[in-house]
Amino acid sequence: MKPLLMVGWALSFGLIFQAKAETIGDFAKLNRLSQVIRGHGPTQGERAELETALRLGNGARFLETKTDQYLASDQHAFKMRVRLEELFRLKTAARLLGREGGSPSLFESEYHEKNALTYLFTEMGRQNRSWDDLLIAKDYRLFPSERFAVIQGIGVNDYGFMAALIPDLKSLSGTYSSELSNETHRDVRFSGNDPRVAGAITTSRFMTRFVTTGLNKNRKRAAEVFRVFLCDSMSAAIPSTEGKDDQIFDLMLPHDQSMTENEIRTMAQQSDSLHGSRPDCNACHFKLDPMGRTFLTSPFALSAQASPGALSFKRGQQIVKVPVKGIGELGAAITQQPEYVSCQVDHFWSWFMGSRHKLSDARRAQLSAEFDRVGRRTNDFIKILLKQPEFFELGRLMSEAEIRAQHVKTFLKKCQDCHKDQYNSNSDDGSFPDFTKWPIGGSADEMARWTRKISRAMDLAHDGESPVMPPRTAPWRTSLREVNLLKSWIADGAPDETGRRTVAP
Amino acid sequence: MKLAISILLLTMALGLHSQASFRGGYKSPQDLLLSLKEKFNGISGSSCDSLSDNDRAAMGDQNMQTGEPFADEPGAAFVTVWSTCLNNYSYNLFYSTDTSPELLAKRTQIVREIMAPLLAGVVDEQVLKAMTTVMVPASEAEREAYIAHLMRWVLGTDEEIQAYGRMTDPKQYRQDLMRHVFPPGVSAYAMEGTRQALLILLKRDEFLMYQ
Chain U
0 MKPLLMVGWA LSFGLIFQAK AETIGDFAKL NRLSQVIRGH GPTQGERAEL
50 ETALRLGNGA RFLETKTDQY LASDQHAFKM RVRLEELFRL KTAARLLGRE
100 GGSPSLFESE YHEKNALTYL FTEMGRQNRS WDDLLIAKDY RLFPSERFAV
150 IQGIGVNDYG FMAALIPDLK SLSGTYSSEL SNETHRDVRF SGNDPRVAGA
200 ITTSRFMTRF VTTGLNKNRK RAAEVFRVFL CDSMSAAIPS TEGKDDQIFD
250 LMLPHDQSMT ENEIRTMAQQ SDSLHGSRPD CNACHFKLDP MGRTFLTSPF
300 ALSAQASPGA LSFKRGQQIV KVPVKGIGEL GAAITQQPEY VSCQVDHFWS
350 WFMGSRHKLS DARRAQLSAE FDRVGRRTND FIKILLKQPE FFELGRLMSE
400 AEIRAQHVKT FLKKCQDCHK DQYNSNSDDG SFPDFTKWPI GGSADEMARW
450 TRKISRAMDL AHDGESPVMP PRTAPWRTSL REVNLLKSWI ADGAPDETGR
500 RTVAP
Chain R
0 MKLAISILLL TMALGLHSQA SFRGGYKSPQ DLLLSLKEKF NGISGSSCDS
50 LSDNDRAAMG DQNMQTGEPF ADEPGAAFVT VWSTCLNNYS YNLFYSTDTS
100 PELLAKRTQI VREIMAPLLA GVVDEQVLKA MTTVMVPASE AEREAYIAHL
150 MRWVLGTDEE IQAYGRMTDP KQYRQDLMRH VFPPGVSAYA MEGTRQALLI
200 LLKRDEFLMY Q
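In order, the protein sequence lines correspond to chains U and R. Oh and the first sequence: position 62 is 61 in numbering that gives the first Met the number 0, straight run, nothing missing. Oh and the second sequence: position 172 is 171 in numbering that gives the first Met the number 0, straight run, nothing missing.
These aren't lab readings, by the way, just hints derived from the structure by calculation. Note that the structure is a prediction, hence the values are computed from the model and not measured. Misleading hints may appear alongside valid ones.
[Said to hold, decoys possible] Simulated crosslink set (DSBU-like; lysine-lysine; CA at most 35 Å straight-line):
1) K202/R x K412/U
2) K65/U x K202/R
3) K324/U x K219/U
4) K386/U x K202/R
5) K408/U x K202/R
6) K202/R x K357/U
7) K202/R x K382/U
8) K413/U x K202/R
9) K90/U x K202/R
10) K90/U x K105/R
11) K65/U x K105/R
12) K65/U x K170/R
13) K170/R x K386/U
Please construct the entire structure, taking both the sequences and the accompanying hints into account.
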């Protein structure tokens with residue numbers, strides 16, 4: 000079986016190499032594989048080996064072998080770890096491949112190197128683990144991380160975090176003890192259907208990065224799960240046209256120094272009522288709140304009691320609701336959703352293909368099937384991607400029109416993130432069009448209407464002096480550079496990547 | 000003018016992301032530092048042996064609040080940090096006074112790789128001494144061959160370089176670089192010109208990008 004697969008792999012390499020005239024040569028292929036998988040170019044020795052292989056007519060086979068070697072390397076495991084740290088918006092590695100050299104400036108470096116989440120991230124590439132393990136893994140390597148615990152004075156290391164679930168960790172309580180000095184780590188495994196643990200999201204590092212408070216009630220954690228695993232950015236869409244900005248602000252920041260405690264309490268109740276009755280708020284909260292409840296019993300350390308909740312989100316115009324007994328079931332439920340699969344395919348595509356090639360819906364569906372076919376295993380799916388013809392295409396500089404269109408779409412994506420879940424009374428199905436798919440709304444007329452709307456909302460006529468969008472409650476502001484970009488783009492007829500106008504200027 | 004353009008080509012481009020960091024296919028901060036460490040055989044790059052908090056933004060790390068890189072593309076701050084790293088490595092390679100056997104062996108190996116055309120026949124024990132006294136080749140053909148060797152060591156073969164789509168005429172680039180670091184008619188030791196050439200080449204997009 001294995002030789003057959005090897006031949007298939009070699010053949011596909013060969014076919015790809017021959018099929019496209021604009022693909023790169025063998026040395027460039029080796030360089031690209033090495034750069035993308037390991038993070039640096041091939042060695043002089045590897046170039047010499049390729050030269051020999053090409054002389055013997057074994058070029059494709061050589062590249063195949065090198066791909067396997069690179070995917071088995073520590074550098075690849077390290078790169079996957081850094082990719083995942085970026086995806087989860089965690090502080091990325093400070094030390095390079097665990098080298099002791101240099102002087103990492105923060106004690107955190109040690110904690111970030113030695114914890115269950117970093118270990119799991121590294122193992123994804125090193126052990127070719129199933130990508131689902133990020134949500135359903137029940138095995139952990141726990142680290143005591145003495146220094147971090149001492150400095151913080153609180154039990155946030157892996158031992159303290161898991162102490163309620165593992166009886167003999169209880170005495171350690173997560174803080175430093177000289178009795179621990181000989182124990183560098185401990186491997187633990189929970190049963191496959193344990194509803195209390197769920198891969199990456201029930202780790203100390205995840206929980207301390209996305210802390211919960213009385214106000215956010217685990218929504219921050221839920222939002223992160225939605226963003227990473229279902230590609231839902233979960234940006235709030237709260238229009239500022241109803242004159243209620245101040246109340247929303249008060250809800251978000253109820254700590255005006257001039258207010259008494261009673262005033263704060265009263266106002267919070269009013270704001271909560273206002274918040275809960277607004278459809279735009281509910282566009283996110285019907286998703287966040289049920290998921291947040293699964294974290295309810297684990298505000299800081301993991302609880303021995305699972306907390307029930309639900310996976311709730313919108314698929315087209317349908318509401319999907321999957322009740323779960325705890326985080327463990329939540330993780331499993333997410334991995335069963337097609338949105339999860341296509342979202343993860345998007346992450347991989349972005350990592351290995353980049354922005355040069357847009358992933359069409361058809362290709363996404365095809366790659367999603369491949370993702371399933373290889374058991375969602377990390378390295379196996381990467382190999383599938385490396386066989387895609389786009390991977391070896393010749394690099395090129397972007398045209399001015401492409402750069403401009405990309406900048407505009409990057410900006411409009413921020414608008415899209417908020418508006419996508421809003422109800423649009425002007426459309427047949429109640430949804431907003433995708434601002435990053437041009438022409439917006441599917442026709443030149445609609446494109447013209449939307450660019451006028453955008454122009455008014457951003458007050459482009461007055462250089463963004465009194466904008467309605469983004470609303471005051473949004474977590475971002477428009478820069479003058481962005482105002483000028485949008486203004487000149489619309490004035491030029493909203494040209495697409497090819498420079499073709501989509502509306503009359 | 001051509002040289003000025005070609006020395007430091009930091010252009011926005013569509014390329015492989017591989018991971019976040021700057022937009023358009025530039026390497027992540029970790030991979031940038033790893034690439035240098037790999038290139039210099041693991042000798043110390045001093046402050047560039049790890050990613051310091053102070054340099055994260057300049058090196059293109061992401062803003063954890065937004066998930067976006069602090070800067071869209073390498074700018075002045077990046078060049079400042081990167082130049083410091085290159086100077087650290089080149090100083091530790093060419094001028095280090097550390098006499099530990101392990102470091103001497105690494106330096107010997109890497110100097111031999113870099114200056115191979117000029118050090119043929121020199122025994123290992125003499126490489127670090129010979130590198131300070133060997134002269135720039137007198138003939139233009141030999142100088143050009145040496146520059147070609149340096150380019151290959153830093154950036155790879157012409158085929159690899161051209162696959163990035165940024166340099167269309169490597170031969171012309173070699174000519175420009177040669178005139179800059181080894182001016183015609185000037186007799187000089189080769190080491191400093193070699194160091195200058197490395198500093199220039201290691202700032203090229205072909206070294207800084209995945210693709």
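Which hints from the list above does the structure break, by number from lowest to highest? Of the numbered hints, all hold.
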